[in-house]
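Turn these sequences into a full structure, and let the hints steer you where they fit.
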Amino acid sequence: MRKTTRTTTTLAGVLGGALLLVGGQTVAGATATEPDVREGGVSACTAEDVEVELNPQPERPADYLLALTNVSDKTCEFSGALGLAGQNMAGEPIDQVPNDSVDHPGAPAPITLAPDHTAFAGVQVDLGDKGDPDTYVAAGFTASLPEFDGEVQARIVGAEDEPVQIPLTGLRVGTLQPVTDGVLF
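Taking full-length UniProt numbering, I'd label the letters of the sequence shown as residues 1 to 185.
One should not assume that every hint holds.
[What the hints assert, rightly or not] Across the chosen pairs, the derived CB separations fall in these ranges: (1) P178 with P133: 38 to 44 Å; (2) K130 with P105: 30 to 36 Å; (3) A44 with E162: 21 to 27 Å; (4) A109 with P133: 19 to 25 Å; (5) S79 with E51: 15 to 21 Å; (6) D134 with T112: 39 to 45 Å.
To be clear, the hints were calculated from the coordinates, so they are not data collected in a lab. Glycine included, every Cβ here is placed at the ideal spot set by N, Cα and C.
As C-alpha cells, this is what we get:
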C-alpha cells in the first residue's frame with residue numbers, strides 16, 4: 001500500500017508539472033492576448049477613466065480641494081502623485097508659473113480606487129495681480145498622473161456659467177489621499 005501511495009503522489013506531481021509547462025501554450029490557430037490587468041488584479045486605467053474637479057474653499061481664495069474620481073467600471077491604482085498645470089484662454093499650458101508637487105500631508109502612497117470612489121489632494125495657488133507681467137491668468141487646469149499618458153481636464157466647481165480667471169504666480173499640489181483629512185494647505 002505504501003508503494004502505491006508513493007507512485008500515485010509521484011505521478012500526480014509529474015502530471016501537474018507537465019500541465020504547468022504547457023499551460024501557457026496556445027492552441028494551434030489561436031492567438032494569445034494579454035488582459036488589461038496589472039499585477040494584483042488591478043486594471044490598467046486611462047485618462048478617460050477618471051474625472052478631476054477643483055473645489056474652491058470658502059473664505060480661502062488660494063485653496064482648492066482636488067477630487068480625482070474613478071468613473072470607470074474597473075479598479076484603478078495610482079502612485080499617489082499627480083501633476084496639475086494651468087491653461088490660458090487658448091487652452092495652452094502656462095509653463096511660466098512655478099508648479100511644485102509637495103509631500104503634503106505626507107509622501108505619495110499607492111491609492112486603489114474602486115469604481116465611483118474618489119481620492120483627494122490639496123491645491124494652493126499663489127495669487128498675483130493681473131497687471132503684473134509675472135502673473136499669468138489661468139482659465140483652466142489639466143491634471144496628469146504618471147500611470148497613464150495624456151491629461152484630464154479639471155473642472156472648477158461653481159464656475160460652470162462664468163469664465164475662469166485665476167491670476168497665478170505659483171502653484172502647489174499635495175499628494176493623493178483616500179480621505180480629505182489634512183489635505184488642504
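These are the hints, each one checked on the structure:
Here the CB-CB span from P178 to P133 is close to 41 Å, well matched to the stated 38 to 44 Å. Distance hint check for K130 and P105: the Cβ-Cβ separation is about 32 Å, which falls inside the suggested range of 30 to 36 Å. Look at A44 against E162: about 37 Å separates their beta carbons, and that is not inside 21 to 27 Å. At roughly 39 Å, the beta-carbon separation of A109 and P133 lies outside the given 19 to 25 Å, and the hint is violated.
One distance hint, 15 to 21 Å for the beta-carbon pair S79 and E51, holds here, with the actual separation near 19 Å. The given range of 39 to 45 Å is respected by D134 and T112, whose C-beta atoms sit roughly 40 Å from each other.
When held up to the earlier numbered hints, the structure conflicts with 3, 4 and fits the remainder.
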